[in-house]
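S.K.: Read off the chains here:
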Amino acid sequence: MSFNLENIISIRDFSKNDVEYILKKAEKMEPIARSEKVCHEKDGKLLGVMFYEPSTRTRLSFETAMKRLGGDVIGFGQKQGTSVQKGEVLYDTAQIIAQYTDALVIRHDMEGAARFIADNVDVPVINAGDGAGQHPSQTLLDLYTIKRTRGNLNNLKIALVGDLKYGRTVHSLVYALAMFNIEMIFIAPEELQMPSEIINDLTKMNCKFTQKSTLLDNLDDIDVLYMTRIQKERFPDPKEYLKVKGQYTLKKSNIEGTDIILMHPLPRVDEIDFDVDSLDNAMYFKQAFYGVPVRMAILDSVIKK
Amino acid sequence: MSFNLENIISIRDFSKNDVEYILKKAEKMEPIARSEKVCHEKDGKLLGVMFYEPSTRTRLSFETAMKRLGGDVIGFGQKQGTSVQKGEVLYDTAQIIAQYTDALVIRHDMEGAARFIADNVDVPVINAGDGAGQHPSQTLLDLYTIKRTRGNLNNLKIALVGDLKYGRTVHSLVYALAMFNIEMIFIAPEELQMPSEIINDLTKMNCKFTQKSTLLDNLDDIDVLYMTRIQKERFPDPKEYLKVKGQYTLKKSNIEGTDIILMHPLPRVDEIDFDVDSLDNAMYFKQAFYGVPVRMAILDSVIKK
Amino acid sequence: MSFNLENIISIRDFSKNDVEYILKKAEKMEPIARSEKVCHEKDGKLLGVMFYEPSTRTRLSFETAMKRLGGDVIGFGQKQGTSVQKGEVLYDTAQIIAQYTDALVIRHDMEGAARFIADNVDVPVINAGDGAGQHPSQTLLDLYTIKRTRGNLNNLKIALVGDLKYGRTVHSLVYALAMFNIEMIFIAPEELQMPSEIINDLTKMNCKFTQKSTLLDNLDDIDVLYMTRIQKERFPDPKEYLKVKGQYTLKKSNIEGTDIILMHPLPRVDEIDFDVDSLDNAMYFKQAFYGVPVRMAILDSVIKK
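Protein chains in written order, with our numbering: chain A, 168 to 472; chain B, 168 to 472; chain C, 168 to 472.
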């Protein structure tokens, strides 16, 4: 089994074999991620992080991953305090930080930013979210969470809920789910349904999927419930938002006693009640943890010895 | 001698034995804190720092402590650039960072925040200040400074000066001083005197203490002078502040030639003249240094192997 | 060969021997800076960074240098989130961070800030830019870039272009160039020419230099073209800026096919066209990389074992 990607830009660059390689390696990384084993594999190596948009989970879990591997990190978590304030363009800043480090992780509000940088620097580039575009390490940790929790990725049915129109997390995820023939149900208000070009792609790939506008019917035959945040700003009329909001809020009673795995890329605002956290179904904090071994696997695969 | 606390939330959770354990361990940590010895004890371990309020000393000395122990740090020093901006609550952010790390250090403006988090995560939590509440590592370094400078904590008389009403540093400190039967003098303007519930507690504990409103009488029989900052914002009328300010400003002539140890939790604004710095009495920068071995002792005690 | 400076404040404190010592040591550091070799020389050591002004290159390359040497870093990249917000003065903040670390790197908007701190703390201090004053590590990396690219520093002719009046980079650089008898041409609009006190110094030192106001005449006999940014804010009338701007913008055709080495301290805004980047002449990103081995050499020289 081998891994042939030099950069991690889009999940659509991955073969099924590439995905399985990362998931398998992540499993080996878990004891180090849990701090049960010490690793010096990346001793002396530096990861450059360039976050032009705020992030807690993604940035800190990449930093955690690199440090658990024995390496270290430089970079910035926001534009402030950097030369971006002096008018420096992304291209120049990336050229510089690439000179200092062994790999770059980039989050930028412009779609295509990470690919553009990857084409122009001499170190591997990892896309940590480019506007409405891709966020491949999130997709891999989502898949890993499902696999670790269910044992495998076969014969599954997953419901994706919330803002399916603008949410880059779900856009990346559906292509990976398609790769493993996982059946999908898209649950969203009409105005936030999955974009038609993705629906077309899935149709061409012969995927099994359905579209719904209500959350709570027929949850019984679902294996995984993947909730996402609905952002108020997406609605021109705040009243429209309030009407929709209640219908996409999950309560304890909705899944208590079922086998459904409840996931969420986080941050949540109020789409999952806090008392859901105590249920065994609630996997979202665990899911966040799995970001560490998955990102360790990614870093270990792209950073040269 | 053993240490039994899992979390460091309030000095009032400490037995006298717990305090002595930390003070003793801090002494062993000093050569490492001074960079005379290299330590790899916490190799591979990660400390999560979550600072919702600005800090230089506390945050950087925890980071220094963890790094001198051979470990590393992730987290944030301000809300900006994190998912707090997207509306994420403290509880969720803490759950996440707890998944990534081996211990958390939290500063938050809400009293009780650290205790609440400690009750809900799987790693040790250290309170680095919760609003007007507790700041136990500051108290331990204050005690350590006195002990290191005087040789022991017996038969001492300490004057606490400045804003005794709102200053969380002195609120924590008096309970620790009471533990060691240290005599206290509370010197503050009427409107900033020690809160009555603390006075009641000290009375019940049979502590020796007195209250005064002028700084400069009878300084001779005092062993330690502990100054704190008086914040202008505490006074409804700026004129009241200006009246009080002068009376609580320390000049070189006030303590030159005495044996009094002058302490301050810092930052100072103008309550200690700069030319005091050159006196042997001035211990506040040394006191800041002692924060490192004391926090090393704390981290070493709560982070599991 | 030995190095006798305790602090790195101004290039004018350096003897020619001190400069050559750093340039030689930087060459040995290169394989570590390139991540071809792992170094543990500064294991357990901490560098304190205090940046009161924004920076990407300088701060991150110092951090990179310290981490590549096996050490670690604490500090801040901007005032926000520190006690500076509570009114703490530079002196106090520096005293504290000096207590925690083995050396300080300071950038401050006040000329003389780094020297003042060096006189008052017990650890080595490195000036990373003090207002319109000095920035010695930039000068050393500029020299190193020329030496590495040309093989030596003999018989060279360099043109310094752009804002020569306010640019601290060029102010530091000319004194170092003078040390090596490098011939200089100062190319700037009248109002941004080299200050007369520097011109006087160079005259006293018997340096060969000329002053010009147009960029593109007689580029042929120049070995190094050192461009700097012209800041719009320097011109009272924006029209004056626009008039000047075009004349100091470098195009691909201006140097393609020549042996001229093109340098820039970065960030550039628009004084070098992006298509110049692909030319072999373009050394500015390499120059940024050379900041790492040069700063490694500096840190290794001033931080005690």
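Incorrect hints may appear among the rest.
As the list makes no split between identical chains, a pair holds if one copy fits it or if it spans any two.
[What the hints assert, rightly or not] Here are the computed lysine-lysine pairs in the DSS-like style, where the Cα-Cα straight-line distance is at most 30 Å:
#1 K191 to K471
#2 K412 to K324
#3 K204 to K192
#4 K314 to K399
#5 K246 to K412
#6 K471 to K379
#7 K324 to K471
#8 K471 to K418
#9 K399 to K192
What the hints contain is simulated information worked out from the structure, not anything from laboratory work.
S.K.: If a hint holds in the structure, say so; if it doesn't, say that too.
M.R.: Going through the hints against the structure:
no.: 1; hint: K191 to K471; result: both (19 Å within a copy, 28 Å between copies)
no.: 2; hint: K412 to K324; result: within (24 Å within a copy, 62 Å between copies)
no.: 3; hint: K204 to K192; result: both (15 Å within a copy, 26 Å between copies)
no.: 4; hint: K314 to K399; result: neither (32 Å within a copy, 56 Å between copies)
no.: 5; hint: K246 to K412; result: between (32 Å within a copy, 27 Å between copies)
no.: 6; hint: K471 to K379; result: neither (46 Å within a copy, 48 Å between copies)
no.: 7; hint: K324 to K471; result: neither (38 Å within a copy, 40 Å between copies)
no.: 8; hint: K471 to K418; result: neither (46 Å within a copy, 36 Å between copies)
no.: 9; hint: K399 to K192; result: neither (39 Å within a copy, 52 Å between copies)
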